[in-house]
Amino acid sequence: SDSLGPDGSAKGVGVDQELISSVPSWNPTFVERNYTDAEATYCRSQPCPASSFAARWAGKEAVFKSLGVQSKGAAAGMKDIEILPNESGVPSVTLHGEAKAAAEQNGINRVLISLSHSETVAIAFAQAS
Amino acid sequence: SDSLGPDGSAKGVGVDQELISSVPSWNPTFVERNYTDAEATYCRSQPCPASSFAARWAGKEAVFKSLGVQSKGAAAGMKDIEILPNESGVPSVTLHGEAKAAAEQNGINRVLISLSHSETVAIAFAQAS
Amino acid sequence: SDSLGPDGSAKGVGVDQELISSVPSWNPTFVERNYTDAEATYCRSQPCPASSFAARWAGKEAVFKSLGVQSKGAAAGMKDIEILPNESGVPSVTLHGEAKAAAEQNGINRVLISLSHSETVAIAFAQAS
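Residue numbers (the working numbering), protein chains in the order written: chain A, 18 to 146; chain P, 18 to 146; chain Y, 18 to 146.
These are computed hints drawn from the structure, not numbers from a lab. Mixed in with the good hints, there may be bad ones.
What the hints assert, rightly or not - Across the chosen pairs, the derived CB separations fall in these ranges: (1) Y:G106 x P:P66: 31 to 37 Å; (2) A:S62 x Y:G106: 39 to 45 Å; (3) Y:S105 x P:Q63: 30 to 36 Å.
Glycine included, C-beta positions come from ideal geometry on N, C-alpha and C.
My request is simple: use the sequences and hints to build the entire structure.
What follows is the structure, encoded as structure tokens:
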């Protein structure tokens with residue numbers, strides 16, 4: 018595709034914000050559908066689990082946008098976008114299933130992510146290259 | 018310039034946030050001056066036109082910052098920075114006029130953009146390479 | 018490290034947001050500990066110094082995240098991350114001390130930054146390559 022850059026350059030970026038109160042992480046069905054077991058365990062171990070779930074949700078949305086594929090809303094398979102701290106504590110993205118396939122189709126090898134939350138709002142930025 | 022990176026690497030980034038209520042998209046003169054016809058048509062077709070106009074405004078500001086040129090405030094020629102969905106629905110930047118000239122002068126070939134809005138705030142991120 | 022990209026590509030990104038009211042720039046000890054003299058002089062020369070200090074604080078946090086090193090909280094040496102406008106007025110990052118050493122260790126040659134603030138919130142985005 019002529020929208021892809023040279024090797025190593027960014028192919029897409031994504032930004033997202035979420036009100037922490039709008040992410041229903043108190044709902045086990047929502048968590049089960051959208052977070053991997055490792056993500057849920059990590060978020061529940063944090064000082065404020067609701068904030069961690071919301072930041073990760075914003076992160077998944079930002080990653081999705083960075084992949085440059087058509088949004089499918091609630092059907093987007095957010096569980097296929099896994100965000101966990103690496104050994105240095107830096108949030109790192111692993112793609113599974115349809116998200117992984119979409120990335121490969123668009124020549125994307127790597128997605129960088131950063132998360133931030135205040136008391137009320139979570140924001141995330143992703144860059145796919 | 019020694020501030021430019023190697024080919025393909027980012028040359029500038031830009032972030033911006035706007036209160037949706039602070040972008041006067043109800044004002045035809047403001048819209049005419051700052052949005053292309055295609056942008057205005059697109060925003061008015063969206064479920065919440067005010068949010069779309071505001072997100073695009075934040076996007077134009079973020080693109081402007083990413084170009085690394087001196088801010089000219091209201092005179093910056095925001096209409097020269099056009100943000101429209103591509104065939105996949107991904108927001109894409111086209112530069113015209115002075116913005117295009119500034120990009121070329123700084124060796125910028127491409128600007129990636131992402132937009133997000135909550136009920137009250139629009140944010141945008143741009144990356145120029 | 019296999020987490021590093023090819024030359025010129027991004028190695029890390031960082032996003033941060035801060036409530037302007039939560040950054041105690043009225044406190045000379047806080048400013049002296051976290052800002053260089055040039056930063057403090059610049060922020061105090063701006064129309065709204067509190068907003069400039071807060072945007073710069075968000076910027077320092079974002080840069081820190083982009084370096085991919087373990088957070089050390091208040092001990093992170095925020096003064097080692099200096100953000101000042103370049104000759105075009107574009108915010109530019111200079112690293113000193115431990116931040117510089119961490120960047121070199123991770124093969125990072127350059128950090129791009131963008132700052133934004135509304136009346137209440139400052140946000141920042143950083144990209145390390």
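Checked hints:
Between G106 (chain Y) and P66 (chain P) the C-beta distance comes to about 33 Å, which sits within the given range of 31 to 37 Å. Judged by the Cβ atoms, the range 39 to 45 Å given for S62 (chain A) and G106 (chain Y) holds: they are separated by roughly 44 Å. For the hinted restraint 30 to 36 Å between S105 (chain Y) and Q63 (chain P), the CB-CB distance of approximately 35 Å keeps it satisfied.
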